[in-house]
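Based on the sequences and whatever the hints tell you, model everything.
Protein chains: 4
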Amino acid sequence: MAKIKVGILGATGNVGQRFIQSLDNHPWFEISALAASERSAGKKYGEVADWKLGMEIPGAVEDIEVVTIDPKKIDADIIFSALPSDLALTAEPAFAKEGFVVASNASSFRMEEDIPLVIPEVNPDHLGLIDIQKKNRNWDGCIITNPNCSTIVLAVTLKPLLQFGIQSINVATLQAISGAGYNGVYAMAIQDNIVPYIGGEEEKIETETLKILGDFDGTKIKYASFKVSASCNRVPVLDGHTENVWATLAKNPTPEEVRDAFLKFDPGLSHLPTEPKHPIIVRDELDRPQPRLDRDMGKGMSVTVGRIREGIRYTTLGHNTVRGAAGASVLNAELLKEKGYL
Amino acid sequence: MAKIKVGILGATGNVGQRFIQSLDNHPWFEISALAASERSAGKKYGEVADWKLGMEIPGAVEDIEVVTIDPKKIDADIIFSALPSDLALTAEPAFAKEGFVVASNASSFRMEEDIPLVIPEVNPDHLGLIDIQKKNRNWDGCIITNPNCSTIVLAVTLKPLLQFGIQSINVATLQAISGAGYNGVYAMAIQDNIVPYIGGEEEKIETETLKILGDFDGTKIKYASFKVSASCNRVPVLDGHTENVWATLAKNPTPEEVRDAFLKFDPGLSHLPTEPKHPIIVRDELDRPQPRLDRDMGKGMSVTVGRIREGIRYTTLGHNTVRGAAGASVLNAELLKEKGYL
Amino acid sequence: MAKIKVGILGATGNVGQRFIQSLDNHPWFEISALAASERSAGKKYGEVADWKLGMEIPGAVEDIEVVTIDPKKIDADIIFSALPSDLALTAEPAFAKEGFVVASNASSFRMEEDIPLVIPEVNPDHLGLIDIQKKNRNWDGCIITNPNCSTIVLAVTLKPLLQFGIQSINVATLQAISGAGYNGVYAMAIQDNIVPYIGGEEEKIETETLKILGDFDGTKIKYASFKVSASCNRVPVLDGHTENVWATLAKNPTPEEVRDAFLKFDPGLSHLPTEPKHPIIVRDELDRPQPRLDRDMGKGMSVTVGRIREGIRYTTLGHNTVRGAAGASVLNAELLKEKGYL
Amino acid sequence: MAKIKVGILGATGNVGQRFIQSLDNHPWFEISALAASERSAGKKYGEVADWKLGMEIPGAVEDIEVVTIDPKKIDADIIFSALPSDLALTAEPAFAKEGFVVASNASSFRMEEDIPLVIPEVNPDHLGLIDIQKKNRNWDGCIITNPNCSTIVLAVTLKPLLQFGIQSINVATLQAISGAGYNGVYAMAIQDNIVPYIGGEEEKIETETLKILGDFDGTKIKYASFKVSASCNRVPVLDGHTENVWATLAKNPTPEEVRDAFLKFDPGLSHLPTEPKHPIIVRDELDRPQPRLDRDMGKGMSVTVGRIREGIRYTTLGHNTVRGAAGASVLNAELLKEKGYL
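Residue numbers (this note's numbering), protein chains in the order written: chain A, 1 to 342; chain B, 343 to 684; chain C, 685 to 1026; chain D, 1027 to 1368.
Just so you know, these hints were derived from the structure itself, not from any lab.
Ideal Cβ placement from N, Cα and C applies to all residues, glycine included.
Some clues are possibly wrong.
[As the list claims (entries may be wrong)] No more than 25 angstroms apart at the CA atoms, straight line, and that leaves these computed lysine-lysine pairs for BS3-like:
{"hint": "1", "chain 1": "B", "residue 1": "Lys345", "chain 2": "B", "residue 2": "Lys619"}
{"hint": "2", "chain 1": "A", "residue 1": "Lys44", "chain 2": "C", "residue 2": "Lys961"}
{"hint": "3", "chain 1": "B", "residue 1": "Lys562", "chain 2": "B", "residue 2": "Lys681"}
{"hint": "4", "chain 1": "D", "residue 1": "Lys1078", "chain 2": "B", "residue 2": "Lys394"}
{"hint": "5", "chain 1": "B", "residue 1": "Lys569", "chain 2": "A", "residue 2": "Lys227"}
{"hint": "6", "chain 1": "C", "residue 1": "Lys689", "chain 2": "A", "residue 2": "Lys299"}
{"hint": "7", "chain 1": "D", "residue 1": "Lys1325", "chain 2": "D", "residue 2": "Lys1277"}
{"hint": "8", "chain 1": "B", "residue 1": "Lys546", "chain 2": "B", "residue 2": "Lys564"}
{"hint": "9", "chain 1": "B", "residue 1": "Lys619", "chain 2": "D", "residue 2": "Lys1099"}
{"hint": "10", "chain 1": "C", "residue 1": "Lys935", "chain 2": "C", "residue 2": "Lys689"}
{"hint": "11", "chain 1": "C", "residue 1": "Lys935", "chain 2": "D", "residue 2": "Lys1069"}
{"hint": "12", "chain 1": "C", "residue 1": "Lys1023", "chain 2": "C", "residue 2": "Lys687"}
{"hint": "13", "chain 1": "B", "residue 1": "Lys593", "chain 2": "A", "residue 2": "Lys227"}
{"hint": "14", "chain 1": "C", "residue 1": "Lys983", "chain 2": "A", "residue 2": "Lys299"}
{"hint": "15", "chain 1": "C", "residue 1": "Lys961", "chain 2": "A", "residue 2": "Lys52"}
{"hint": "16", "chain 1": "C", "residue 1": "Lys961", "chain 2": "C", "residue 2": "Lys911"}
{"hint": "17", "chain 1": "B", "residue 1": "Lys619", "chain 2": "D", "residue 2": "Lys1303"}
{"hint": "18", "chain 1": "A", "residue 1": "Lys5", "chain 2": "A", "residue 2": "Lys97"}
{"hint": "19", "chain 1": "A", "residue 1": "Lys52", "chain 2": "C", "residue 2": "Lys983"}
{"hint": "20", "chain 1": "A", "residue 1": "Lys277", "chain 2": "C", "residue 2": "Lys728"}
{"hint": "21", "chain 1": "C", "residue 1": "Lys818", "chain 2": "C", "residue 2": "Lys1023"}
{"hint": "22", "chain 1": "A", "residue 1": "Lys277", "chain 2": "C", "residue 2": "Lys736"}
{"hint": "23", "chain 1": "C", "residue 1": "Lys689", "chain 2": "C", "residue 2": "Lys818"}
{"hint": "24", "chain 1": "B", "residue 1": "Lys347", "chain 2": "B", "residue 2": "Lys564"}
{"hint": "25", "chain 1": "C", "residue 1": "Lys756", "chain 2": "C", "residue 2": "Lys1021"}
{"hint": "26", "chain 1": "D", "residue 1": "Lys1078", "chain 2": "C", "residue 2": "Lys911"}
{"hint": "27", "chain 1": "D", "residue 1": "Lys1078", "chain 2": "B", "residue 2": "Lys641"}
{"hint": "28", "chain 1": "B", "residue 1": "Lys394", "chain 2": "D", "residue 2": "Lys1303"}
{"hint": "29", "chain 1": "D", "residue 1": "Lys1325", "chain 2": "B", "residue 2": "Lys394"}
{"hint": "30", "chain 1": "A", "residue 1": "Lys73", "chain 2": "A", "residue 2": "Lys251"}
{"hint": "31", "chain 1": "A", "residue 1": "Lys52", "chain 2": "A", "residue 2": "Lys72"}
{"hint": "32", "chain 1": "C", "residue 1": "Lys911", "chain 2": "D", "residue 2": "Lys1253"}
{"hint": "33", "chain 1": "B", "residue 1": "Lys641", "chain 2": "D", "residue 2": "Lys1277"}
{"hint": "34", "chain 1": "C", "residue 1": "Lys736", "chain 2": "A", "residue 2": "Lys52"}
{"hint": "35", "chain 1": "C", "residue 1": "Lys904", "chain 2": "C", "residue 2": "Lys736"}
{"hint": "36", "chain 1": "A", "residue 1": "Lys251", "chain 2": "A", "residue 2": "Lys277"}
{"hint": "37", "chain 1": "B", "residue 1": "Lys569", "chain 2": "A", "residue 2": "Lys251"}
[Claimed, not checked] Which residues of chain A face chain B? A few of them, derived with a C-beta cut under 8 angstroms, are:
{"hint": "38", "residue": "Lys44"}
{"hint": "39", "residue": "Phe164"}
{"hint": "40", "residue": "Val195"}
Here you go:
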């Protein structure tokens, strides 16, 4: 069977590089186009990408000629977008209009009423919005988005807690610097330091979570009704967002019951290539999860949970640029393929 | 006026060195004795202290001959204890029995019913326990303690919130590695990493806070009745504990009213040499407080607050080995002196 | 063909864990025994190893029962030793006497006259010392050692320079904290800091290099005659030693000629499973090699060279616990197998 | 006596802030003008300076209105320039032409034949170039420069070695990130990493050192004739450049003789307010100097030396933005005042 052709928008950046890593040797997809700014266009990817992952550039992309972000220049069945949100705002609809399926990591359209904001393990049925979206917008293609990195990690752990009746969530995040992009944080700003603020991040967690965990009734999403309150911090960690969660749950489960719910969590997606064996890993050691030790579990796609205590309190962790960005989009694309949207 | 003679127990360690720094050129106190383990006894402090502060050892202590931790070997009016809790358990009562006033940073006696656990800006009246303690234990001297480092920072900020009726507190801490002592954290454990657990820390915050904010009726402390729930993390920061606080307040003040309460907070202690001009500093920048920029404010004795938002949520920060340890004991000693206990 | 059975001494430590990683799915070797201290013996490896690599413990070793460091308790064809040097001093000869081939990463016997100190790409012929060693010591087995981590990186790059007549070497090292073992460096000692001293390291580089690059005349090693002068620094990097080298060369080659010699370096070992495709990688970017980006090249077995300038000066880098420790021993074992010593 | 009025060009940046710190409560100088880019002009310094030192902005400058970099807008007796080199190229001569004495930290004019490149402890007599410069250029004022940060640290230690006949110097530097300016290094570039290249740095060390240590015969500088070869690395340290030096010395002194030369070094400048008690501090511990522990010695103006060994090899360290930048300019200004140029 021929592989599905994939184009990447914003291919030279931090998340773009993670897309290439996530798609390396992918059984279903193959990269057919890499798009970036004018400055890079016309040159080989290996020359213009300032490759910063501790592995060699996959040979399959090194010699691909980079094109501009233009639907006419790209031959692909699906488009992954790693664009900054301002560029995504015009580029993604242009691609959708031209008939492309766009799986986007950008925040630009996440909260639009007819755009699905999907984590395959949490709300796969929200894909139903695609038909509505196409009709609404008169598009041949469509846009599907994945949540913000810190939201994904939280939302994956909230899914198995829904059964206990979530009343409110407080979450303090300790977020890695890669989340701001390669050039997003100066060394003088973060070494031996904490920055207790990340622009827009708290709002994203507080709103996206409610959309993801909302109900889709066939026509629209009814947001979840509990309250999420977030305090976000940038910490001197390269990759991996750690989150301290307080979940007020109506049914007052014991920590053991919560642990059990995490352990039993099985979204039935093991046939998707990027889905890890365990979407949630439970660690019982007192001092886990830790970003450096746990971020790469399940090839960066597992979310790790630990320190489940009365409260209910727990700590969770996921790889922000894999589980929280490129891997999330790729997993969404796999779900689209399985559901017949590709 | 002759200065008050001061002895330090555990003088060679991390907190011991901070005591020496805090007492350097102190207007009321002068160091007369430095005590440490057998291994160091008989040698000059400058030879045995593996001095790790980025300043020269004060000349006044460099040549002091270190003695063992023995009341008979020490001539002093007050004893500062920077001992580990297991050693403090026997040493501190021995000194109190011999008539010494012991201002302790150790956790061993903090929660004892007749031992004051004091932050001068918060609960100076708890010193009244000293008389009861002396009587109970038939001691000529006494023990007075300061709270755990992360507790102090939190409790200072809760004091001005009492007027709003505290119902519950959630706090996530991002604690510096110096809090574990110089040898407490391996570099391989914390570089590019977070450790979401600090042994005993959450319990200390959750219990000590209630004692400090409790009422002293002349005979005993009635603990505050709200609930504190803490999640503690070790972060790769040298000094300065950052804390994300959620305070549920009965009177539902606005963030502006809370900010105002912090700004107006004046414990009336500016005559004490170690008391900073502003025990609480409010920063209005979105990205403050930050440990590297704010920990040394007020010579390390100010607590900085920022990001006051609906919730009520805020972020606070203090220097853990100054405000949260050595400086806290020295300030307690100054209060003792002022109140006539020295 | 049945795989060769392998035992690991010191299996629970930092380098021991790297041995397990290096041997995972090895085509020739399979782990049959894991030995550690009394404290761990009798328990499953997965229970006692405080596993600190960012990957899961290979399933094949998780349930192996750890034994004490005793030749009678181990069934294996070759022994890898990750013991500290004091323990290696007695344990390794005990194993060699009992007929085991011991491939050691310890420093204890490296400089003994009849013990080969081998880097397969540099001095494979030194294996000839094994016959002399067995005869001298009346051992059925033997000991073969690999050099100190920082020495290996340097020596690999000096091999292709021999043709230019090495007259003297100055080398400044910037060494990762993992080189000191998991518990070897306190966070307070190295964060925001450099420690310009590593006990014994400079001596090892200055002497081991001359033995490795010495000539074996069939009976003994004649040391290389140039002078090596090293200044070693510990830096806040997790893995990967960086080295600035000044090489005074008799034939005064140009930087281009030196670059060419590095590029052409081919020790002809590509049939060994652990040998990387490029034992020396040359990077032409001005700012490479960098430890975080280059340490994992060739699965951690490649040495990367850059900044080749007049002088001759260059910068080199290798993974200290893979290329410089566990991987070095495994590669030596592969060479032993190929040469018929196993 | 009225204080000398001082203006600072580039007052809002990293080095500009260090100038303000160095001049706080200065006995001879008082800040009368702060100049920065158009963007900041017309506003109070406290509003536009993104103050990043862990101390409060000195009250004396907080309310000063920032002006543009224009000689007509500044009333001062001396100008300190913390400008980037491209801006300094036109701005500094404009000030000199208008009669200002400009003490510059920029690299733009350091190597000009008639511009003194001065370290007061090393080559105070080079100030003699000022008269020649004024005549040459027909300026009422003049420009005097201090060397590059890493050069200063090295050159201070070479001065007492001149007596032994310096034949060649190899130096490997481990440079702090603040040396690149607050925005000069991304966190993703340097955390858990080393960058073995700093643009232009090696050339500056190799040439500036020879001018500083050259002889002034009353008309021009005859450069020192030995060779300096540098390899520069950026390391994850906030402040403080560490340097490993190999000095080939004609008279072959012992390490003890070299140590003695460092200890006896007394440039006779203790009457200058910024001159530290010990311009060179010798540490005999095996593991010193270390940037975090030694950079602030002598209020950041002392250079610390250690690990003096056969070779002659030694390690030296100095605060790059104090001793190596702002403090260096201020010390030069004090020398100018003493010599009658102000």
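Outcome of the hint check:
no.	hint	verdict
1	Lys345(B) to Lys619(B)	23 angstroms, holds
2	Lys44(A) to Lys961(C)	24 angstroms, holds
3	Lys562(B) to Lys681(B)	19 angstroms, holds
4	Lys1078(D) to Lys394(B)	24 angstroms, holds
5	Lys569(B) to Lys227(A)	20 angstroms, holds
6	Lys689(C) to Lys299(A)	30 angstroms, violated
7	Lys1325(D) to Lys1277(D)	34 angstroms, violated
8	Lys546(B) to Lys564(B)	17 angstroms, holds
9	Lys619(B) to Lys1099(D)	37 angstroms, violated
10	Lys935(C) to Lys689(C)	47 angstroms, violated
11	Lys935(C) to Lys1069(D)	63 angstroms, violated
12	Lys1023(C) to Lys687(C)	17 angstroms, holds
13	Lys593(B) to Lys227(A)	20 angstroms, holds
14	Lys983(C) to Lys299(A)	16 angstroms, holds
15	Lys961(C) to Lys52(A)	21 angstroms, holds
16	Lys961(C) to Lys911(C)	31 angstroms, violated
17	Lys619(B) to Lys1303(D)	32 angstroms, violated
18	Lys5(A) to Lys97(A)	18 angstroms, holds
19	Lys52(A) to Lys983(C)	17 angstroms, holds
20	Lys277(A) to Lys728(C)	24 angstroms, holds
21	Lys818(C) to Lys1023(C)	16 angstroms, holds
22	Lys277(A) to Lys736(C)	21 angstroms, holds
23	Lys689(C) to Lys818(C)	22 angstroms, holds
24	Lys347(B) to Lys564(B)	34 angstroms, violated
25	Lys756(C) to Lys1021(C)	23 angstroms, holds
26	Lys1078(D) to Lys911(C)	47 angstroms, violated
27	Lys1078(D) to Lys641(B)	17 angstroms, holds
28	Lys394(B) to Lys1303(D)	21 angstroms, holds
29	Lys1325(D) to Lys394(B)	17 angstroms, holds
30	Lys73(A) to Lys251(A)	55 angstroms, violated
31	Lys52(A) to Lys72(A)	29 angstroms, violated
32	Lys911(C) to Lys1253(D)	20 angstroms, holds
33	Lys641(B) to Lys1277(D)	50 angstroms, violated
34	Lys736(C) to Lys52(A)	24 angstroms, holds
35	Lys904(C) to Lys736(C)	41 angstroms, violated
36	Lys251(A) to Lys277(A)	29 angstroms, violated
37	Lys569(B) to Lys251(A)	20 angstroms, holds
38	Lys44	32 angstroms, violated
39	Phe164	18 angstroms, violated
40	Val195	5 angstroms, holds
Hints 6, 7, 9, 10, 11, 16, 17, 24, 26, 30, 31, 33, 35, 36, 38 and 39, counting from the list given before, are not met by this structure.
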